[in-house]
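Novice: Note that the protein sequences, when read in sequence, are chains F and Z. Mind the numbering: the first sequence is residues 17 to 160 in my numbering, read in order. Mind the numbering: the second sequence is residues 2 to 143 in my numbering, read in order.
Honestly, the hints are just simulated from the structure, not real lab data. Predicted model, so just to flag it, every value in this text is computed and none were measured.
Pairs of lysine-lysine, DSSO-like flavour, derived with a Cα cap of 27 Å:
#1 Lys132/Z - Lys62/F
#2 Lys132/Z - Lys109/F
#3 Lys132/Z - Lys149/F
#4 Lys72/Z - Lys55/F
So you can see what is in the structure, the chains are spelled out below.
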Amino acid sequence: MALPLDSYLGIHPQALKLSARRSEVLAANLANADTPNYKAQDVDFKSALAANGTSTLTMAASGAASSTLPMTATQAGHIPLNQPGDALTAQLKYRTPNASSLDGNTVDAQMEQSNFAQNAVRYQASLTFINAKFRTLMTAITGQ
Amino acid sequence: MPSFNIFDIAGSGMSAQTVRLNTTASNLANADSVSTTAGAAYKARHPVFKAVQSALAPHGVNQAGASTAVKVLGITQSQDKVPARYEPGNPMANAEGYIYASNVNVVEEMADMISASRSYQNNVEVMNTSKDLMMATLKLGQ
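Pulled out of the complex, with its shape left as it was, chain Z reads as follows:
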């Protein structure tokens, strides 16, 4: 395979999925975090992916569309309602005795984690296959 584009594409996919795994880890770790106010409570974080067309190749060969990498546009915070619990004994409780837990949905996060891990594996497979084919091309005619 003469083009190294494929490594960039699969690499961008892997890095995007890593960001997704990172947010999942952060969400799961903070699933039981509590705070005094609703605003300060931990909100579930999720990355936003965007497809980016790579720049035109220098020799006039138009590769737009053929090489579309992934970019993480940013991290959004979940707008779900933050659950309030009545726990007057908690040191974090406010004047009315309420604490605000995070709005992380643990089941959703686990499913998201599996999805991210499968996507990551897909990209690794693509890279491995491309590498094998490249090595075979290098050995051409021997």
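Okay, chain F solo, but in the shape it has when bound:
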């Protein structure tokens, strides 16, 4: 019997993946803090995780068939959108700026920094959860 490791780990691997991607988006915001006309972006974490979680769940339940029809890329030049397990791109949204600046840049460095710190802590939390799950498993295996 194969161990259902994915379902055993629960939502945490997906949360981890999403946190990693979100940190990328926030890093891009911080790197472009002085770029004229750059619009700050962020991930709608809740809906992205929901989309990510359900897509992998339905994938696991019914093989490859998903309840919603995905967009297909028929030409080599097509940009893939909404890949299963990569719901981030679809959930990427522009920030509403608190105070708009004259150069069209909407990055608030302080806000991005706090979001980045928060995201890092969430990433570590997910890691801790996964670690604990593995440790539980190891305890069960070794029986000590």
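For chain F, the structure is supplied; the task is to place chain Z on it using the hints.
Specialist: What follows is chain Z alone, placed relative to chain F:
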């Protein structure tokens, strides 16, 4: 963190801010440079930043928008008026006794320098945090 993109992004930000610091250093160093003609006078230099979308990842995972690095498009020269000073004793003075100083605004440059340095530090922080998280991921399950 499985992706190394973040290092490229933060690295591009750091290199862009370094260019900005370089132009500031050049401007401050030349703040008191003089020349004989207005055209030859030193003009304040400033970099122009542009956000660049990195290419699509090879395995069809669309990361466009998620990884936006910074690129220095070029260096512009300030169009501000070059101040002329009447200094007939200066060896650089023209026939009418005028010399042309640079149009560098020292106060503006100092503020720009602090801004560039803070932005650089932000990128360093991002890189440090990402590195720590990556190391933690490597130690997963141990």
